[in-house]
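**Q** Residue numbers (numbering that gives the first Met the number 0), protein chains in the order written: chain A, 0 to 383; chain B, 0 to 383.
Calculated directly from the structure, the hints in this document are not laboratory data. Here a beta-carbon is modelled for each residue, glycine too, at the ideal position from N, C-alpha and C. Among these hints, one or two may not hold up.
Computed footprint of chain B on chain A, listed as stretches where at least three residues anywhere in the stretch have a Cβ under 8 Å from a Cβ of chain B [claimed, not checked]:
(1) 23–36
(2) 81–91
(3) 105–113
(4) 186–197
(5) 298–310
(6) 360–374
Just a sample of chain A residues kept apart from chain B, beta carbon distances all over 12 Å, derived [to be verified]:
(7) E18
(8) L94
(9) A123
(10) T146
(11) Q249
(12) L286
(13) K288
Partial list, derived from the structure: chain B residues whose beta carbon lies under 8 Å from chain A [claimed, not checked]:
(14) V108
(15) G333
(16) S362
2 protein chains.
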Amino acid sequence: MITFPQGFVASGVTAGLKESGKPDLALVVNEGPLDVAAGVFTTNRVVAWPVLWTRDALADGSLKAVVLNSGNANVATVGGMSVTTATAEAVANALSISANDVGVCSTGVIGVTMEAQPLVDGVASAVPALSADGGADAAGAIMTTDTVSKQATFETGFKVGGMAKGAGMIAPGMATMLCVITTDAVVDSQLAQNVLKEAVDHTFNRIDVDGCMSTNDTVLLLASGASGITPDSHEFARGVREVCADLAKQMIGDAEGASHDINISVTKSATEAGALAVARAIAQSNLFKCAIFGNDPNWGRIISAAGTVPEEIAPFDPADLAVIINGVPVAENGVDTGRRDEVDMAGDRLVTVELQLGSGIESASILTNDLTYDYVTENSAYTT
Amino acid sequence: MITFPQGFVASGVTAGLKESGKPDLALVVNEGPLDVAAGVFTTNRVVAWPVLWTRDALADGSLKAVVLNSGNANVATVGGMSVTTATAEAVANALSISANDVGVCSTGVIGVTMEAQPLVDGVASAVPALSADGGADAAGAIMTTDTVSKQATFETGFKVGGMAKGAGMIAPGMATMLCVITTDAVVDSQLAQNVLKEAVDHTFNRIDVDGCMSTNDTVLLLASGASGITPDSHEFARGVREVCADLAKQMIGDAEGASHDINISVTKSATEAGALAVARAIAQSNLFKCAIFGNDPNWGRIISAAGTVPEEIAPFDPADLAVIINGVPVAENGVDTGRRDEVDMAGDRLVTVELQLGSGIESASILTNDLTYDYVTENSAYTT
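Starting from the given sequences, assemble the full structure and let the hints guide the process.
**A** What follows is the structure, given as structure tokens:
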């Protein structure tokens with residue numbers, strides 16, 4: 000809930016970008032006294048116009064408002080930068096602030112040229128709707144294939160709130176996800192940036208739906224300072240990370256068409272980076288993800304995926320591998336234990352997979368989900 | 000057809016490894032006068048026992064026979080090496096040759112411990128069934144989820160024949176594929192190895208069904224010299240490559256549950272390696288593959304996948320990208336042409352995608368297919 004911390008108002012309205020007529024434009028305004036902001040963006044080389052705009056706007060470490068739309072990602076569109084500029088200027092004019100203090104985020108279909116007018120008109124509706132109770136409306140207006148809106152809060156003197164959208168293309172380097180985190184703590188932009196980067200690396204970057212990295216991923220942190228509390232930096236980091244972790248978990252729980260969430264832990268690794276690389280390789284194996292959909296503890300597909308990671312990244316001896324699925328050791332010392340039939344996952348929303356590399360004491364986890372008919376349905380019919 | 004060249008006999012029988020009772024053991028014997036052999040194997044670090052065996056057996060550049068089974072991949076199994084050894088020894092004893100001259104290949108489920116006896120009994124049936132007309136039976140016995148057997152031939156004085164199995168897990172570094180190429184040309188093992196490696200790199204390694212690399216992939220080339228013809232090395236390379244290319248095309252055409260084949264060409268690249276990396280990134284995007292299943296020319300997912308390839312691998316400016324789908328330019332200079340609706344792919348088995356990077360004159364192609372309900376069905380129910 001982005002209006003949970005003091006100093007923020009928000010709204011969510013219908014600008015008409017979605018054919019469904021559902022709300023598709025959100026506005027969040029930081030009323031201060033501070034206007035500190037930080038951001039983490041997609042590492043995709045093909046980026047949306049709003050990402051280019053917002054990176055620039057953030058260069059001075061401040062934003063006073065963020066406008067977000069769903070229904071069109073405004074990437075690879077003709078005249079897309081002028082659409083984004085017009086949107087930011089509409090917000091700036093209505094609030095009597097500089098356009099350079101307005102962040103813009105877009106999500107939806109890629110490569111379909113859009114007009115500025117619906118966005119400008121949407122802003123005109125969103126400004127009078129701004130309210131200290133508007134967080135939920137804003138969270139609803141950024142949904143695309145999400146089935147539920149995602150919000151989270153944290154409080155320990157100062158408050159942190161957040162909203163996110165994202166249910167597919169969740170991948171290394173984030174995903175098609177937009178996220179706004181708000182706080183009323185007194186922090187400077189350098190701390191905000193460091194804390195946000197660290198939080199994203201350990202939360203949104205540890206979930207992986209389909210290995211696809213979006214052109215629009217944006218996570219913004221806005222600090223109003225309205226609580227008057229200057230938190231300990233570790234405490235502030237904990238608050239931001241908990242909100243991000245909560246939102247990440249909600250995203251994976253709402254991943255497009257999934258029937259199981261899968262927590263993949265790679266343990267006994269020489270390095271954390273190696274464990275992470277192996278966990279990601281498993282999370283991106285379509286064969287493994289199909290097997291879990293079929294409630295099949297097909298651990299051969301786990302070690303097969305692990306074996307594609309180069310030795311210099313994750314040293315291990317295949318003869319040392321052990322696999323535990325939902326608590327049942329199905330492989331030890333690199334071979335079959337004959338206990339595959341004991342694994343029961345049919346009724347579980349969460350399936351746990353542990354792969355022990357036998358080469359050290361480090362570990363890392365990735366949260367992903369299974370590959371289902373519904374995933375194919377949602378992603379084959381999304382733009383048509 | 001592996002018995003197309005002179006000097007080879009083959010058979011395919013039922014050893015009882017498949018619950019269906021279909022043929023599951025193939026034997027091919029090189030009757031000479033030469034026993035030259037070459038091989039290319041999976042680069043997965045987790046490899047099947049038969050791969051370890053056959054790599055060793057091939058170290059001297061010769062093989063006199065190859066036994067292949069479907070139904071169980073014999074990887075990560077307890078006592079799996081003794082199963083493979085017993086199989087090779089059964090062939091060696093029956094043919095009065097050394098076990099070190101027998102290659103072994105297995106395909107099927109991973110991590111399910113198997114007994115040697117069915118394989119040994121299968122060999123006892125396969126030896127008397129050996130015939131100069133047995134190529135088709137052998138090709139049938141190595142099928143797993145294949146819906147048709149795959150065979151190819153080439154002739155220009157000397158002959159080349161081949162059989163392959165594989166319909167899923169086709170990926171960089173080959174796939175769950177087994178392939179045996181035979182020739183009656185007079186060649187030495189060094190030429191055979193060089194030609195086979197080059198052919199595999201440009202054929203089997205340019206198809207990609209689901210990005211998953213198998214633990215068992217093996218391509219073997221056996222040369223009998225029975226034609227008495229010593230071919231020009233380029234002519235020999237052409238023959239082997241054409242047979243591999245034909246088999247690769249058959250594999251992609253029979254890929255698990257696909258409704259469209261997709262030829263992804265990346266052109267105007269600074270380097271061939273960069274073009275290949277971009278083509279592979281596109282081929283491995285589930286979102287792109289779902290879109291094609293939905294007959295949706297969602298080119299944003301193409302450039303989004305391209306944007307995940309690091310600049311040092313494939314330099315390009317997103318503002319220079321052009322996308323052509325089934326002949327229709329849907330994006331130029333990095334943006335929408337507004338012509339998406341002109342693309343019609345519903346009736347086409349083959350969909351062509353061209354991405355122009357605008358940074359050079361090199362190009363590379365990957366053949367893949369769409370992500371469908373049937374892919375999920377086949378891969379979620381494969382071992383259960």
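**Q** If a hint holds in the structure, say so; if it doesn't, say that too.
**A** We went through each hint and held it up to the structure:
1. With 0 residues having a Cβ less than 8 Å from any Cβ of chain B, the region 23–36 of chain A misses the three-residue criterion, and the hint is violated.
2. Only residues whose C-beta sits within less than 8 Å of a C-beta in chain B count toward coverage, and the region 81–91 of chain A has 0 of them, not enough to reach three; the restraint is violated.
3. Evaluation of the coverage hint for the region 105–113 of chain A: fulfilled, as 5 residues show C-beta separations to chain B shorter than 8 Å, against a requirement of three.
4. Requiring three or more residues with a Cβ within less than 8 Å of a Cβ of chain B, the coverage given for the region 186–197 of chain A is violated, as only 0 such residues are present.
5. Check on the region 298–310 of chain A: 11 of its residues sit with their Cβ under 8 Å from a Cβ of chain B, so the three-residue criterion for coverage holds.
6. With 4 residues having a Cβ less than 8 Å from any Cβ of chain B, the region 360–374 of chain A passes the three-residue criterion, so the hint holds.
7. Here E18(A) stays apart from chain B, with its beta-carbon at least about 15 Å from theirs, past the 12 Å limit.
8. The Cβ of L94(A) lies farther than 12 Å from every Cβ of chain B, with a closest approach of about 30 Å, so its non-interface assignment holds.
9. The beta carbon of A123(A) sits about 26 Å from the closest Cβ of chain B, which is more than 12 Å, so the claim that it is off the interface holds.
10. Every Cβ of chain B is farther than 12 Å from the Cβ of T146(A); the closest lies at roughly 18 Å, confirming the non-interface assignment.
11. At roughly 21 Å, the least C-beta separation between Q249(A) and chain B is larger than 12 Å, which holds for a residue marked as non-interface.
12. Annotated as non-interface, L286(A) brings its C-beta within 12 Å of a C-beta of chain B; the closest such distance is 5 Å.
13. Remark: the non-interface label on K288(A) conflicts with the geometry, its nearest Cβ contact in chain B lying 9 Å away (cut-off 12 Å).
14. Of the supplied interface hints, the one on V108(B) holds, with its beta-carbon coming within about 7 Å of a beta-carbon of chain A, less than 8 Å.
15. A least Cβ separation of about 6 Å between G333(B) and chain A falls short of the 8 Å threshold, and the interface hint therefore holds.
16. Using the Cβ-Cβ criterion of 8 Å, the hint placing S362(B) at the interface with chain A is not satisfied: the shortest such distance is roughly 19 Å.
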